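S.K.: Sequence:
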Amino acid sequence: MDKPYVVGMDIGGTNSVFGIVDARGNILSVDSIKTQAYKEIDDYVNAVAEKLLPMIEEVGGKDKIKGMGIGAPNGNFYTGNIEFAPNLPWKGVIKLSELFQERVGVPKVLNLILALDYSSRSEITEAVRNIATKVSKGEISPEEISEQTINEHLY
Numbered sequence: 006m007d008k009p010y011v012v013g014m015d016i017g018g019t020n021s022v023f024g025i026v027d028a029r030g031n032i033l034s035v036d037s038i039k040t041q042a043y044k045e046i047d048d049y050v051n052a053v054a055e056k057l058l059p060m061i062e063e064v065g066g067k068d069k070i071k072g073m074g075i076g077a078p079n080g081n082f083y084t085g086n087i088e089f090a091p092n093l094p095w096k097g098v099i100k101l102s103e104l105f106q107e108r109v110g111v112p113k114v115l116n117l118i119l120a121l122d123y124s125s126r127s128e129i130t131e132a133v134r135n136i137a138t139k140v141s142k143g144e145i146s147p148e149e150i151s152e153q154t155i156n157e158h159l160y
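Residue numbers (our numbering): 6 to 160.
Take the hints with a grain of salt, since some may be wrong.
Said to hold, decoys possible - Taking lysine to aspartate or glutamate and the EDC-like style, the derived pairs with C-alpha atoms no more than 20 Å apart in a straight line are: (1) Lys8 <-> Glu107; (2) Lys67 <-> Asp27; (3) Lys56 <-> Glu103; (4) Lys8 <-> Asp27; (5) Lys100 <-> Glu45; (6) Lys113 <-> Glu131; (7) Lys39 <-> Asp15; (8) Lys113 <-> Asp68; (9) Lys71 <-> Asp48; (10) Lys113 <-> Glu103; (11) Lys100 <-> Asp68; (12) Lys139 <-> Glu152; (13) Lys39 <-> Asp27; (14) Lys96 <-> Asp15; (15) Lys113 <-> Asp27; (16) Lys96 <-> Asp47; (17) Lys69 <-> Glu55; (18) Lys44 <-> Glu55; (19) Lys56 <-> Asp15; (20) Lys71 <-> Asp27.
Rather than coming from a laboratory, the hints here were simulated on the basis of the structure.
Computed from a predicted model, the values in this text were never measured in an experiment.
Work out the full structure: start from the sequences and follow the hints.
M.R.: Here it is in structure tokens:
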């Protein structure tokens, strides 16, 4: 495997955590910064890059990195942008993937759109409770629980 590592990053309203993992999901290195400390997106990207680039060098350099995945609020999978994220200090449309690709130099940057906030957690909790109640009453069996079942119990 000539590019055995991937950079992963989770951008939250308070903290941003990033690291490097191998093909088995083993975390090789991890670090973080305070998201809200950077009012300008360029300052934020530079701060992440200052910490991330030495981590990349420790695993053999950019040639060993297959890509970078970023979890971000209001991330657009198709464009790689963050769009009008209410809990981040940067407003409007942010060309996040492009900025990280230019600054860090990894070959591919992908925005992941999984961003569960507190309201999503309560929605999922409520759905699980409702499904569990139906199972305990014998209305459905555990084997019948599918993505569709879960979807039907979400708000």
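S.K.: Of the numbered hints stated earlier in the document, which are not met by this structure?
M.R.: Per hint list: 6, 9, 11, 13 violated.
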